Amino acid sequence: MNSRILVIEDNPANLELMVYLLDAYGYQTMTANDGLGGLALARRERPDLIICDVHLPGLNGYGMIAILKSEPALASIPVIAVTALAMVGDREKLLTAGFDGYISKPVEPERFVGVIEQFLRSSHAGASEPGRAPHFPQ
Amino acid sequence: MDFNELVLQEIPDAVVVLTPEGRIAHWTRGAEQVFGYDSMEAGGQLLHELLVPQEHHAEEARYLSLLKQAGICSYESVRRTKSGSLIHVDVSNKAIHAQDGSLDYVLSSQKDVTELKVRRDAKLLEARFRDLLECMPDGIVMSNATGHIVLANSQAQRLFGYEAHELLGLPVDCLLRDRTQEPREQREGRFKPADSNATGAGLAFHALRKDGREIPVEVSIGRVQTEEGPLLMSAIRDITERRRIELALHEKNIELKKANLAKDHFLAGMSHELRTPLNAIIGFTGTLLMRLPGPLTQDQDKQLRTIQHSAKHLLSLINDLLDLARIESGKVRLHVEAVSLSSLVNGVIDTIAPLARQKDLLVQPDVPERDIVFRTDSRAVSQILLNLINNAVKFTERGRIHVRLRELESTGTRKAVISVRDSGIGIRDEDKTRLFEAFSQVDAGSTRRYEGTGLGLYLSRKLAALLGAELSFASTYGEGSLFTLALPEHPQ
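Chains as they are written, first to last, in numbering that gives the first Met the number 0: chain A, 0 to 137; chain B, 0 to 491.
Here chain A stands alone, though its shape is the one from the complex:
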């Protein structure tokens, strides 16, 4: 069974990119455009991993992680922050806030899925096999 991943991102192009990459590697994706929608979806669907843009309108990434980690049913789901900041101090800030990891923007398509899979493997929910990307002759 392939892992189910929730992606919360307000920019359509960014969302499309991440979903496309995850789909291509065989993951089931569900999406939300803002924090509140993402929370509702997380509570209902209990995904195996959550990818969350830090810079969201309304309830932003930091608000989200606080709520996610405070609800016992959701606290064990790994949450990865996607952020345009990627400076030395910010990394600590994200980890202290409760994020399990971070990916910096612009997303590097070649590495994106690999990084996500690391977090899937290390979480106790991620006992699934990593998806295989379709290979086309070059």
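Hints in this document: simulated from the structure, not taken from any laboratory. One or more of the hints may lead you astray.
Computed footprint of chain B on chain A; a stretch qualifies when at least three of its residues, placed anywhere within it, have a C-beta under 8 Å from a C-beta of chain B [claimed, not checked]:
no. : segment
1   : 4-13
2   : 50-60
The calculated EDC-like cross-link candidates involving lysine to aspartate or glutamate, where the alpha carbons are at most 16 Å apart (straight line), are [what the hints assert, rightly or not]:
no. : chain 1 : residue 1 : chain 2 : residue 2
3   : B       : 311       : A       : 109
4   : B       : 122       : B       : 227
5   : B       : 209       : B       : 172
6   : B       : 431       : B       : 368
7   : B       : 81        : B       : 111
8   : B       : 311       : A       : 33
9   : B       : 81        : B       : 37
10  : A       : 92        : B       : 406
11  : B       : 393       : B       : 478
In this text the structure is predicted, and so the values were computed from the model without any measurement. Glycine residues also receive a C-beta, built at the ideal position from the N, C-alpha and C atoms.
Here the structure of chain A is known, so what remains is to put chain B in place on it, guided by the hints.
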């Protein structure tokens, strides 16, 4: 008609009978009018305690002993009335002896000569100082011991809106208000020469004009000694214009601060806005090149790489420009903390590793056994080091890049040195001066082989300056370059 009674009660001057100790035994209506106290209040009091200002006590004692010797004594002095104001008095004392020759009473007649004194002082000053004071640019007001104006030059007349004769005899207190709201007693003492705090320069007051208007003025007060006694000279300057300019400057400052804040918000927002579209460009050229949607022809592959390459270049340009804007606007604040320099160096090398691998270059760290922990801003140091090693990789075709970290021996502030040595193309002598300039690329031109924004070293030097560090280099064209960052520890 009892003329004795008439004279005693109706005489306008103060007539007082004192005991030998100086206590008031009889107090006329004239004394009431001159000094303000009625006979109930005055009776039994020590005269010198009631009426004589502190600074004149010694004087009074001398005159009393003179009276006891000579039997009569006449002199001029200063008295304080019940209302607190000072007046000049002409004193005539006579000793009244008992039959056995001992002193029975002192008869004291005291005439208020304040106005007379003002006129006398004015006459003296007029003759002596008028011409000189007319030459002064400021308004000059001279006042005597009782705080009354005895001379005012035309500038002062204009400033206060009074005629010369109107100012004469006016208490200076009526002209100048101290806006720091001193209690009345202190204000009273302000313009009296006897007050040690009277003099001063650049004092802020408000001038009270005849027409009721108040204007801000700056006052300098000095003491002048004359044969008629001490006087105070106040030089008064209208600073309305200056205050107006100060206010305008203050408001401009506030405006500037607001504009700066707006600019910072703009920069922060713009940073996010500018980078967002690049996500899509870099991302999807990436997925296409990964052949996830399908196979690519050779031309499609080549063209996509070109797009992606340009997008990445654009991204680094934007990052550099925004860094630059932040540094130039002085908005970069250092975040100083204890930093492991060895970890920092290794971390930066790890970041560069993929790029170096692509060119088959080795970036070799050389850090000491014992970790060097320094108080500094790790982001700034990382950025500089990243730039230096990036350059080294960029301009080197083969060989190694050595990154060396050492702490210098020093007695004062601790100092660390990080150096990057490469075996690249080196820098020509004529290019050395332009090296740290913004947008200067050593091989600029249409045949440019090496990509870059031309801002790296410029930014690095700015950052180094913020850290109090020094960025220097040595290079031989064709052989390689050595860039050195001398970093002092940040003070506590």
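Hint check:
1. For the segment 4-13 of chain A, the proposed coverage by chain B is satisfied: 3 residues have a C-beta within less than 8 Å of a C-beta in that chain, meeting the threshold of three.
2. Beta-carbon proximity to chain B at under 8 Å applies to 1 residues in the segment 50-60 of chain A; the threshold of 3 is not reached and the given coverage is violated.
3. The suggested pairing of residue 311/B with residue 109/A holds, with an alpha-carbon distance near 14 Å, which does not exceed 16 Å.
4. Using a Cα cut-off of 16 Å, the hinted pair residue 122/B and residue 227/B holds, with the two alpha carbons roughly 11 Å apart.
5. Of the pairs offered as hints, the one joining residue 209/B and residue 172/B holds, with about 13 Å between alpha carbons and a cut-off of 16 Å not exceeded.
6. Under the criterion of a C-alpha separation no larger than 16 Å, the hint pairing residue 431/B with residue 368/B is inconsistent with the structure, at around 35 Å.
7. For the suggested pair residue 81/B and residue 111/B, the alpha carbons sit about 14 Å apart, so the restraint of at most 16 Å is met.
8. For a cut-off of 16 Å, the pair hint linking residue 311/B to residue 33/A is broken: about 28 Å separates their Cα positions.
9. Between residue 81/B and residue 37/B the alpha-carbon distance is near 10 Å, which keeps this suggested pair within the 16 Å criterion.
10. For the hint linking residue 92/A to residue 406/B, the alpha-carbon distance of about 30 Å lies beyond 16 Å, and the restraint is violated.
11. Restraint check for residue 393/B and residue 478/B: the C-alpha separation of about 15 Å stays at or below 16 Å, so the hint holds.
Consistency note: the structure conflicts with the earlier hints numbered 2, 6, 8, 10.
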